[in-house]
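Between the sequences and the hints, there should be enough to build the whole structure, so can you do that?
Chains as they are written, first to last, in numbering that gives the first Met the number 0: chain A, 0 to 450; chain B, 0 to 450.
It is possible that some hints are incorrect.
In this list, chains with the same sequence are indistinguishable; a pair is considered to hold if it fits within one copy or across any two.
As the list claims (entries may be wrong) - The calculated lysine-lysine pairs, modelled on BS3-like cross-linking and capped at a C-alpha distance of 27 angstroms, are:
| no. | residue 1 | residue 2 |
| --- | --- | --- |
| 1 | K114 | K403 |
| 2 | K441 | K265 |
| 3 | K196 | K314 |
| 4 | K226 | K435 |
| 5 | K441 | K314 |
| 6 | K92 | K195 |
| 7 | K114 | K354 |
| 8 | K403 | K435 |
| 9 | K218 | K354 |
| 10 | K314 | K354 |
| 11 | K360 | K196 |
| 12 | K218 | K435 |
| 13 | K265 | K49 |
| 14 | K195 | K114 |
| 15 | K114 | K416 |
| 16 | K92 | K416 |
| 17 | K354 | K185 |
| 18 | K383 | K403 |
Calculated directly from the structure, the hints in this document are not laboratory data.
Each chain, letter by letter, is given below.
Number of protein chains: 2
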Amino acid sequence: MRTIYFGTFVHSLTLSDLQVLPSAAVGVDEDGTIEFLDQNADSPEVVAEKHSWPVGSYSIVSTDPASASFFFPGFFDTHIHASQYPNVGLFGKTTLLDWLNTYTFPLESSFADLKVADSVYSRVIARTLGNGTTTAAYYATVHTAGTNRLADLALSVGQRAFIGRCCMDANSPDYYCDKSLEEAQKATLDVIEHIKKIDPNYDIVCPILTPRFAASCTKELLSWLGKLSTDTNLPVQTHISENLLEVDLVKSMHPFGNSYADVYDKCGLLGERTILAHAVHLTEDERALIARRGSGVSHCPASNSALTSGETRVKWLLDAGVKVGLGTDVSGGFTPSILHTARQALLVSRHLSMKGDESHKLSIEEVLYLATVGGANVCGLDNKLGNFLPGKKWDAQLITLDCKDSPVDIFPWEREKPEDLIAKWLFNGDDRNVTKVWVNGKLVAGTAFTL
Amino acid sequence: MRTIYFGTFVHSLTLSDLQVLPSAAVGVDEDGTIEFLDQNADSPEVVAEKHSWPVGSYSIVSTDPASASFFFPGFFDTHIHASQYPNVGLFGKTTLLDWLNTYTFPLESSFADLKVADSVYSRVIARTLGNGTTTAAYYATVHTAGTNRLADLALSVGQRAFIGRCCMDANSPDYYCDKSLEEAQKATLDVIEHIKKIDPNYDIVCPILTPRFAASCTKELLSWLGKLSTDTNLPVQTHISENLLEVDLVKSMHPFGNSYADVYDKCGLLGERTILAHAVHLTEDERALIARRGSGVSHCPASNSALTSGETRVKWLLDAGVKVGLGTDVSGGFTPSILHTARQALLVSRHLSMKGDESHKLSIEEVLYLATVGGANVCGLDNKLGNFLPGKKWDAQLITLDCKDSPVDIFPWEREKPEDLIAKWLFNGDDRNVTKVWVNGKLVAGTAFTL
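Printed below as a string of structure tokens:
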């Protein structure tokens, strides 16, 4: 059935333009597509009549006018290792390379057991969806069956997800790797075939080619994945320039590349649907190359702080035309919440600006753009998702700041100041404020969600 | 009645020694004082018999052995502007001095209205106590009646609190300041008198002398407060070296001091019960002076990041013997939670270490020490509070990680790894995990608290 959503809407139009629309109406058709967005609407009924939607042909979802609540686009998590979710917060004083060996590979290797995959993947989907993440670009593990299970679960729950089977045929521990190029190829194709079977048009779940990172793949595997991406138009995700030791490692492993980015480029992996996580230590030339190719960056501030990786220059990337979205990078990042990650993006940008250049500072509007429209750009879904413009899909969350047990206190004089309410949400809000979550027009989660 | 607490206890003994005691028992007498802490206890009954506590003379509070829960000392918030609580998250792109004029002074001035004071102060006490803050060093406003109300509310709810009436007779807006030295003196004495009346031994609420900061006080006012502190042995709280523009301002206003710290020292304000908030940009000499005087620092990482103030060198302070605790610095800081602040302290220490010196990194053990024992040190209450050693008061929280709607997911294989559970709590826990909160042996808050 069609639905008219009525009340206050908040969404990003551009990096700096966070639009607040009180008394607006959004009409969503049977397929979850937004048919209209009407500002200054009198009532759902008046709007319906204007658009010739007959009485009885639609349902209505209104925000309570007495409450501090609003519709907001669903969040994009453009970089999350679903399999690492049990390890959130566990990193000690490690940095990237020792962290992988100490915490990460041992956990990921346990996903040979489908029971582990089931229990972890169902939790991470519920947790991220409950935090308003309607689209996630997931890394699974090397295991085909476990990766397929992640796809099954995301589809059945209704979370939009890119499903990445990790390719790693070099420089990885014996107990956790692709034993050969052929094994990586076969497993990758098996996962694609499985997802094609369960969601033929990739409406909700879509395979994503996933060379773990340049240092864990042979040139042959990288090139094969690059060609596969060109042939199939499937998206790609990988890591780039997260940590200085890693940058050195890639340089020594792949001398054919002039830079980390050039290694990927020479292997055909820098396309318009490529997500590059981190991009902390890029050179000017790499930035220009990535911009030219139209690839996107997943900025993972919580992870970059936790693992002492560095401070990504987000404005510097955006200024060159590089697409940027946010990633939790669970479990290098400690939080499964994109709201929390957006908060960290704002804070990290201040640490960057403490070095002397104020222009690095990100505003609330900007980090919320990164969390939504920026994420859609990076995922190549900007024509379909990211805000409430007609023609896009209804992937949305209903945020209620004065819900029961809310972590946010609203005082009477603040109720009429939407920009203050949004700031308070960004800094103290959490999943308790996520009352309802829709993907593709379908209600799938939220504190007010029951089956 | 006496109480035996039984189950798992976690507390800090030293900066690096976070002790985890499964199957321990803590006996608390009628006055809220810890009489014993027994490790490897068989049962509350066996322990009671050992200590000659007759059956029927005590009650028992046990953690559920099937749940991931533990007793933890109550948190210290050594720097929080109670009156600024409505503004948490509101700071935009300001830094200290414009933030004061844009956001802070207008809000604080509204506390001339006791209705505002009542509504804000009751919320901030409930919110901080619900987050496990059993002791808070509060700044109120310049208003005597409002400040007294904060003391009344803290006492009636049962939160241990230092109550600071802001002194500011210079360099402050006309609409919000002390009109004269005499006005500041009279108001200060009035608040002391009030608190003496409601809590004669300062068991729960205690006045704290509060020159807002050196740049908002005349030398006469600073010196009078310094002398009053010596005469009465009352504690002192103020700000120091938060922001470079502020440091310059203090230098030009008070040329009699060789440094910011020296201004306070020459006015007699650096005592063993002095709390100095921020201390971001101290010189070596100032650090040595503060250490010599035995004053403490309230480290406010969330605030320092938000207002782009800088990165406090916590280890550098501790290395010189300076006492350090944590402060939320609401609302320069955006969170009323000390757990969240401890997380930020760990992250900020990583940003500091990105400048090239790994030794700045704070561990989980260290930030939890700062949140408890460190806070007690800074407040001059280390003989009385901070951990569960016999002779101290039972100010504690019961943390339950697998409570209903917990923000923390625990997987089966993690249940027996206390250090992992503590890490997961630090990074994703919140007030939902604070099941019970006691101050001075009395249950006062928590999700399982009902009157």
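Do the hints match the structure? See the list:
no., hint, result
1, K114 x K403, "between (35 angstroms within a copy, 23 angstroms between copies)"
2, K441 x K265, "neither (41 angstroms within a copy, 67 angstroms between copies)"
3, K196 x K314, "neither (41 angstroms within a copy, 56 angstroms between copies)"
4, K226 x K435, "neither (41 angstroms within a copy, 58 angstroms between copies)"
5, K441 x K314, "neither (35 angstroms within a copy, 51 angstroms between copies)"
6, K92 x K195, "neither (41 angstroms within a copy, 47 angstroms between copies)"
7, K114 x K354, "neither (48 angstroms within a copy, 43 angstroms between copies)"
8, K403 x K435, "both (14 angstroms within a copy, 19 angstroms between copies)"
9, K218 x K354, "neither (37 angstroms within a copy, 34 angstroms between copies)"
10, K314 x K354, "both (15 angstroms within a copy, 21 angstroms between copies)"
11, K360 x K196, "neither (45 angstroms within a copy, 49 angstroms between copies)"
12, K218 x K435, "neither (45 angstroms within a copy, 57 angstroms between copies)"
13, K265 x K49, "neither (54 angstroms within a copy, 75 angstroms between copies)"
14, K195 x K114, "within (24 angstroms within a copy, 63 angstroms between copies)"
15, K114 x K416, "between (48 angstroms within a copy, 21 angstroms between copies)"
16, K92 x K416, "between (42 angstroms within a copy, 18 angstroms between copies)"
17, K354 x K185, "neither (48 angstroms within a copy, 44 angstroms between copies)"
18, K383 x K403, "neither (33 angstroms within a copy, 36 angstroms between copies)"
Violation of the numbered hints given earlier is confined to hints 2, 3, 4, 5, 6, 7, 9, 11, 12, 13, 17 and 18; the remaining hints are satisfied by the structure.
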